[in-house]
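If you read the sequences in order, they're chains A and B. Following our numbering, the numbering of the first sequence begins with 1 at its first residue and continues without gaps. Following our numbering, the numbering of the second sequence begins with 1001 at its first residue and continues without gaps.
Hints should not be assumed to be uniformly reliable.
[Said to hold, decoys possible] Have a look at the derived ranges for each label pair, beta carbon to beta carbon:
1. A:Glu104 x B:Arg1425: 17 to 25 Å
2. B:Phe1084 x A:Glu89: 45 to 53 Å
3. B:Asp1091 x A:Glu243: 43 to 51 Å
4. A:Arg239 x B:Ala1185: 36 to 44 Å
Treat the hints as calculated values from the structure; they're not laboratory data. Each residue gets a CB set at the ideal place from its N, CA and C atoms; glycine is no exception.
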Amino acid sequence: MASGNEVIVIGGGAAGLNAALTLAEMGIGVCLLEKEELLGGHSGRYACKATDACVSCGACSISRMVQKAGQEKLVRVLTGHRAVEAKQENGGFAVRAADSKGREEGIFAKSLILASGFSPFDPSSLALGYGRFANVISNYELEIILRRENNILRPSNNEPAQSIAFIQCIGSRDAKLGHLWCSQVCCPSSLRMASLGLAKNKQQKTSFFYIDLQNCPKQIKQADDKNLTLIRAIPADARLGEEEKIVLAWMDPKSGLLQEEAFDLVVLSVGITPSQETRFLLSGLTGEDSLPKIFGSASGSVHTAIPGLFMAGCARGPMSIADSIADAALAAWEAKKFMESKK
Amino acid sequence: MEEQKQENNQRPRVLILGKGPWAEQAASELADHGAKVIGHEAGDASPLLAGCTGQDGAFTVRLMQDGVIQQETVNRILVLGEAFTQNPAEDYGLLNSDFAGSIEEILQNPNSWQGKTVVFLTGLKDLSHQSVTLDFLNAALLLKKESGAKVFIICGQMQVAAPGLERLLFDARTAGVVVYKLNSADALEISSQKDGPYRLLFEDMASRKQVELVPDFVVLPQNPAPDPSLAEIASLLGLETDENGYLQSANVHRLPLATNRAGVIVAGPARDAATPAQRKSQSILGAALALIPTAEAAPKNRQAAINTRACIHCLTCFRICPHKAVHKEEGKLTVLTNACQACGICAAECPRLAISMEDGWLVKNNAAPGQTQATGGFEPKIFVFTCENSSAIAAKAQEDFSWPPNTEVFSLPCLGGLSLAAILRAIDTDKADGVLALACHEGNCHSGTGSLLARRRIKQAAGLLKAVGAESKRVGAFTLAANSETALKQAVETFWEQIKAIGPARSAK
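Work the whole structure out from these sequences, hints included.
As structure tokens, then:
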């Protein structure tokens, strides 16, 4: 069994990267485990949303952290390895990691940080056409389109979208689903993408459907644009119109009447939900299905019921890139404190 | 004895600027880990900062307490500030304190509101804050529980983007707290009655009916506001402030708690952290980061060096350095190695050319130039300057990207170090047909001003080229982020085409 690392960090996204880098800065050896072939996690695929000035989305920080992690001697990066089991052993933690061919490696460390991220809510079950209509996509898919194309293109024909609807709170703030949390990041990030689209294409018209606009005083000030309409309603229904347009229907809050409009592209801002992987690993460690209780709760912190086991970033609840980076640094510090207390 | 003395010397000394529970928290975290905390002895009034020189690991600070100035040497400075809130009474025009006021007034005696009506107002005049939502929902639930009062919340955008708030909102609604959302402050009509409660009139967006409330008390929001002393601290420490007056810019290079000056950490209320949970975790993290051993801010072989014989003490470098890395003592200027982040801004701006960057500063990218298919005809020679915080990373991250033929690529710690002379030299001496500066977006420059300076110099160079009858478009600047791979490719291709169209800078002889 390989050792030499003092801490194992599971997850190479915003939180995992900074947990590893902060530990290294404190002189502590780390094994950073990432299931994908590339480091970065969800936010590692996000686009820069600056128009001319930076809008502080934080996505470019991931590129810098990935570069740093590759150069840092105290960080052993193990990509393409999924943690298939984690358990307490000999006063520390043993993790079994498997690559795509099923080859396994055992890793042991004194402390373990779960930075295994989140699962975007799957909106296929809703009547909004996701998975059925090419031009209904999630905000994550729009991030990838923007990163690759440097423009907002319709998946059906790769032409710039002239009319776009963003629908917020898909799978968040939803008591029926039992999702009693706000995902925190989707209002600012979708408004940034909307503003970027409008800056690139002066003909573009964007409608932004929401419950309450969260966390975005700056973006609201910028939203004072005749091509961006903020609508306080969530469309419940989508059907296919001509030219693969998407027809949305909603209750207009001003008139109280049902309204319909066709859009070139509909972007569903899907919520941050607990990842099955985190849930599975945490259950194995704590002996109970503890993630649903912890996730996004007011009392949540980087600490867990098990000394030496910490959680950071979206693995323990929705948070922005900036908050994940801070959370991970704190988890790294608490892991260091834990190891010192054992000496 | 000798040993103890040495141990004392090695104890990290950390200055805390701030008051309140978060400062206590940071002080105890620091003390628990062997640090000597300055400026925060329990029970004493916190000293005021009167001056600061030096660098990470060895700051000399002047502190004023009871009118006496004392000098201290500290390794790190942790700025926490104090929690402040805005006074909203005037904003809402509700000045009769018998019927409107702060949350404390109803919490003094929560069971005295039996049979009464209480309205919480938030987010109508200004965007509300999660900390107000947290306080209001907790108070509303408490009033319901203790007194069974009729409780209403009238809000603009309900801010629930913090852990536990959506659940708390759900609990409050389940307990009978009624929430009305309005789209603007104009939608709410407030009239005052002589020596009586306020009358609130508005249309409920859900039922589309007029609602009239005459609450026994209107609770007004207290949004967090920056500590007024932060402006002075920012000026004395040379720190960036944001548009609201908090000590930080929104610059992502300062994540999680860093500032433009190495060794100065800003956390908690000083950094726009407003929820108790955020303030608590930031004060602990601030203490933790203050304990990480000091290191040189940038490799020594890339930092700035001042040639004291050429220097005329104009103090341009002292004023312009975004990292406070130029030290002035008895008329002599030196570069502080724990502070210098190698941006090169001082060297590029020095009017006497008395500052040079060490040999490792400019890195020529020796990767094989791209095998772009031969286009035939004139292939321009282009110099591209990339920033190691953005464009250089974006270029490296693309497997399928190759620079056009004849391109010389350089990487710099910051484009702020690209001087006007260097841009002109590339065309004049090095016989380039075009110069492209790939800088960071405004607000995303690691050195704050470097990217703006680079773009300004490109503009100046363009003006000079025009003045001598050359094409001003031979020089160009473009802003990019570390994850703008496609934009980088497009910018380089566009510029290359542009120079190709202009033609050679000099006729072949």
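Requested in this report: Just pull the numbers of the violated hints for me, sorted ascending.
Outcome: 1
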